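Just need the whole structure built from these sequences, with the hints factored in.
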Amino acid sequence: MPRETVFTPYPHDPATGPAPFQIHVGWQRDQDVQVGIGTPETGTGQYHIVDHVYGDDVERIGQLMQTFLIENSMGVQHDFRTSDAERDYHALLGRGVLDAVTGSNPFGTDIWWRPGRAQINTLIRLLRKARDAAYGRDE
Numbered sequence: 052m053p054r055e056t057v058f059t060p061y062p063h064d065p066a067t068g069p070a071p072f073q074i075h076v077g078w079q080r081d082q083d084v085q086v087g088i089g090t091p092e093t094g095t096g097q098y099h100i101v102d103h104v105y106g107d108d109v110e111r112i113g114q115l116m117q118t119f120l121i122e123n124s125m126g127v128q129h130d131f132r133t134s135d136a137e138r139d140y141h142a143l144l145g146r147g148v149l150d151a152v153t154g155s156n157p158f159g160t161d162i163w164w165r166p167g168r169a170q171i172n173t174l175i176r177l178l179r180k181a182r183d184a185a186y187g188r189d190e
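With our numbering applied, the sequence shown covers 52 to 190.
Calculated directly from the structure, the hints in this document are not laboratory data.
Nothing here was measured: the structure is a model prediction, and the numbers come from that model.
Keep in mind that the hints are not guaranteed to be accurate.
With beta-carbon atoms standing in for the labels, derived distance ranges [unchecked claim]:
| hint | residue 1 | residue 2 | range |
| --- | --- | --- | --- |
| 1 | R132 | V152 | 27 to 35 Å |
| 2 | Q82 | D130 | 56 to 64 Å |
| 3 | L143 | V76 | 58 to 66 Å |
Where is the CB? At the ideal position from N, CA and C, for every residue including glycine.
Structure representation (structure tokens):
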């Protein structure tokens, strides 16, 4: 299946390392088109896009998950002795949630969309409209 990386979402200096996100377009002749957003390979392997979006906020995700579990009678209210212990617990719980999500993605480290012909045509029109408004119309 042909696949091309068509865009890095904002100006990026390659000397600082790979861009955090890349948009890909793949297709199979007479079958389908796929549009994906993902993360480039890094020196330590690939990272899931969910980690790039939410990975720095694992503590907040853990807090939300703990609240959800308690409100639905599935969790235990903890009496943390220190704020560090509470932060560590929430970070561990949040990391577990992210690992569960990223480990269950059948598309690897990227997220893919399979638009139909009409959706592709609409996307092309919208991109042209946005490009013309932002940068001026091509001659």
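The hints, checked one at a time:
Between R132 and V152 the beta carbon distance is about 30 Å. The supplied range of 27 to 35 Å therefore holds. About 57 Å separates the C-beta atoms of Q82 and D130, a value consistent with the hinted range of 56 to 64 Å. Between L143 and V76 the beta carbon distance is about 38 Å. The supplied range of 58 to 66 Å is therefore violated.
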